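Spelled out, the chains give:
2 protein chains.
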Amino acid sequence: MKRVHKSGEQSSPRDSAEPVSELTTNRLSVYLRCLNVLDAAGVRTVSSQALAEQFHLNAAQIRKDLAYFGEFGVRGVGYYVKELRRHLRQILGIDRGVSVAIMGAGNLGLALADYPGFRDEGFEIVAMFDTAREKIGHRSRAGVPIHDLRDLRKVVRRERIRIAVIAVPAGAAQSVVNTVAAAGIRAILNFSPGTVKVPPGVKLKSMDLTVSLESLSFFLAQADPTT
Amino acid sequence: MKRVHKSGEQSSPRDSAEPVSELTTNRLSVYLRCLNVLDAAGVRTVSSQALAEQFHLNAAQIRKDLAYFGEFGVRGVGYYVKELRRHLRQILGIDRGVSVAIMGAGNLGLALADYPGFRDEGFEIVAMFDTAREKIGHRSRAGVPIHDLRDLRKVVRRERIRIAVIAVPAGAAQSVVNTVAAAGIRAILNFSPGTVKVPPGVKLKSMDLTVSLESLSFFLAQADPTT
Numbered sequence: 001m002k003r004v005h006k007s008g009e010q011s012s013p014r015d016s017a018e019p020v021s022e023l024t025t026n027r028l029s030v031y032l033r034c035l036n037v038l039d040a041a042g043v044r045t046v047s048s049q050a051l052a053e054q055f056h057l058n059a060a061q062i063r064k065d066l067a068y069f070g071e072f073g074v075r076g077v078g079y080y081v082k083e084l085r086r087h088l089r090q091i092l093g094i095d096r097g098v099s100v101a102i103m104g105a106g107n108l109g110l111a112l113a114d115y116p117g118f119r120d121e122g123f124e125i126v127a128m129f130d131t132a133r134e135k136i137g138h139r140s141r142a143g144v145p146i147h148d149l150r151d152l153r154k155v156v157r158r159e160r161i162r163i164a165v166i167a168v169p170a171g172a173a174q175s176v177v178n179t180v181a182a183a184g185i186r187a188i189l190n191f192s193p194g195t196v197k198v199p200p201g202v203k204l205k206s207m208d209l210t211v212s213l214e215s216l217s218f219f220l221a222q223a224d225p226t227t
Numbered sequence: 001m002k003r004v005h006k007s008g009e010q011s012s013p014r015d016s017a018e019p020v021s022e023l024t025t026n027r028l029s030v031y032l033r034c035l036n037v038l039d040a041a042g043v044r045t046v047s048s049q050a051l052a053e054q055f056h057l058n059a060a061q062i063r064k065d066l067a068y069f070g071e072f073g074v075r076g077v078g079y080y081v082k083e084l085r086r087h088l089r090q091i092l093g094i095d096r097g098v099s100v101a102i103m104g105a106g107n108l109g110l111a112l113a114d115y116p117g118f119r120d121e122g123f124e125i126v127a128m129f130d131t132a133r134e135k136i137g138h139r140s141r142a143g144v145p146i147h148d149l150r151d152l153r154k155v156v157r158r159e160r161i162r163i164a165v166i167a168v169p170a171g172a173a174q175s176v177v178n179t180v181a182a183a184g185i186r187a188i189l190n191f192s193p194g195t196v197k198v199p200p201g202v203k204l205k206s207m208d209l210t211v212s213l214e215s216l217s218f219f220l221a222q223a224d225p226t227t
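Sequence order for the protein chains is X and Z.
Oh and the first sequence: position 199 is 199 in the working numbering, straight run, nothing missing.
Oh and the second sequence: position 188 is 188 in the working numbering, straight run, nothing missing.
Hints listed in this document are in silico derivations from the structure and should not be mistaken for laboratory results.
Owing to the predicted nature of the structure, the values given are computational and were not obtained by experimental measurement.
Any given hint might turn out to be false.
Any copy will do: because identical chains look the same in the list, a pair fits if it lies in one copy or spans two.
[As the list claims (entries may be wrong)] List time: in silico DSSO-like cross-link candidates among lysine-lysine, alpha-carbon distance up to 30 angstroms:
| id | residue 1 | residue 2 |
| --- | --- | --- |
| 1 | K64 | K135 |
| 2 | K197 | K64 |
| 3 | K203 | K64 |
| 4 | K64 | K205 |
| 5 | K82 | K197 |
| 6 | K197 | K135 |
| 7 | K64 | K82 |
| 8 | K154 | K197 |
All chains, full assembly: derive it from the sequences and hints.
Dropping the structure here:
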């Protein structure tokens, strides 16, 4: 994966240009989703132009994004769907499967545990964690076991869990994040509202649902202040 | 709300600088969340410095963001918590409550319908919509009614629904988004994976859970390519 350090500044990984990196990986994810559709439909090759038209994307952006990670296109052919799909899965680190834990077995945690899209994309929700005694030992509808939070470190090691999803109430979020980081997990997807801090070397992505709704509400208030 | 058009370019609303606007409103949401905590704790005034320290934020950024919308700070006092909270709710357009519909009454839709944070922040999930006959007429645990998708336009008008949350399978997303836009809803929060298109004048925010996990997986693959 050295290929991504293109600038020659070995000491300055791409993470320093965080927003770009984040937007690029998000687009790679979208391309992968499109290629999955094409592959399932039996399409063998696709041009950046056809990909762009079919999925409402930007052809020049596709070529630029993919060229950044290597030369995948073939002149006169475009991209081989299966091959590009395999490359993207490799770049995104999901080619060998990634084990994920859900922290919190409430409504949201249970819905996330059974979210059907994850497994198709190489993610496997292998465990949930909670502190409520009446939940521990049970399973989600899809069969994900609910463990005692106190067993986190043990289960993380045994199941090789690499990503934790935080779905606990806001008041418990920071404490759970600390526990998760202390157990050696270095990538966290946070669904709890409010700010949480992570130690250096741990990557945090926050999805505050209320923040998203407020951003939409702000748009409506500006677009039409009288209603 | 004219105050937000500061540039003098009346013909170019802030939407053209979308990423800035989006980041700013996201920060306003975070400040509001912090002020809620302080207000609940009985704190009456707070300085930008104290706010920053307590919630791991940036004091200069707070002052800049808030000054953009008016002069809320008082020299030697800081901000009045209740007053600033009221102003922020007004700026975000949630002071009079915003009615929200959830499209799709599956696991995710049901979890979102009962997400406890929404109502506290001025959002009310007033309806869910589905096409499955066995779901129509039932309610979520918290009591949100599940309507027939065919009644969308009627219910939107009656309940003054202004935001729709898309929680249907990927294959149905674009068709549901089209139906929602045709019913007059101009703000959409999309949880379905893949790309969807909205007509001009409709604001779309996408929260693809798989994309978020892939961005974390990409971070792990880069940080430690050998594992």
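Status of each hint after checking the structure:
1. K64 <-> K135: Intra 48 angstroms, inter 45 angstroms, cutoff 30 angstroms: neither.
2. K197 <-> K64: Answer is between; shortest inter-copy Cα gap is 22 angstroms, intra-copy 34 angstroms.
3. K203 <-> K64: both (26 angstroms within a copy, 27 angstroms between copies)
4. K64 <-> K205: Both, since 25 angstroms and 24 angstroms are each at most 30 angstroms.
5. K82 <-> K197: For K82 and K197, only the inter-copy Cα distance (26 angstroms) is at most 30 angstroms; the intra-copy one is 40 angstroms.
6. K197 <-> K135: Within. Shortest intra-copy distance 28 angstroms satisfies the 30 angstroms Cα cut-off; inter-copy 41 angstroms does not.
7. K64 <-> K82: within (20 angstroms within a copy, 49 angstroms between copies)
8. K154 <-> K197: within (24 angstroms within a copy, 45 angstroms between copies)
Checked against the numbered hints above, the structure breaks only hint 1 and satisfies the rest.
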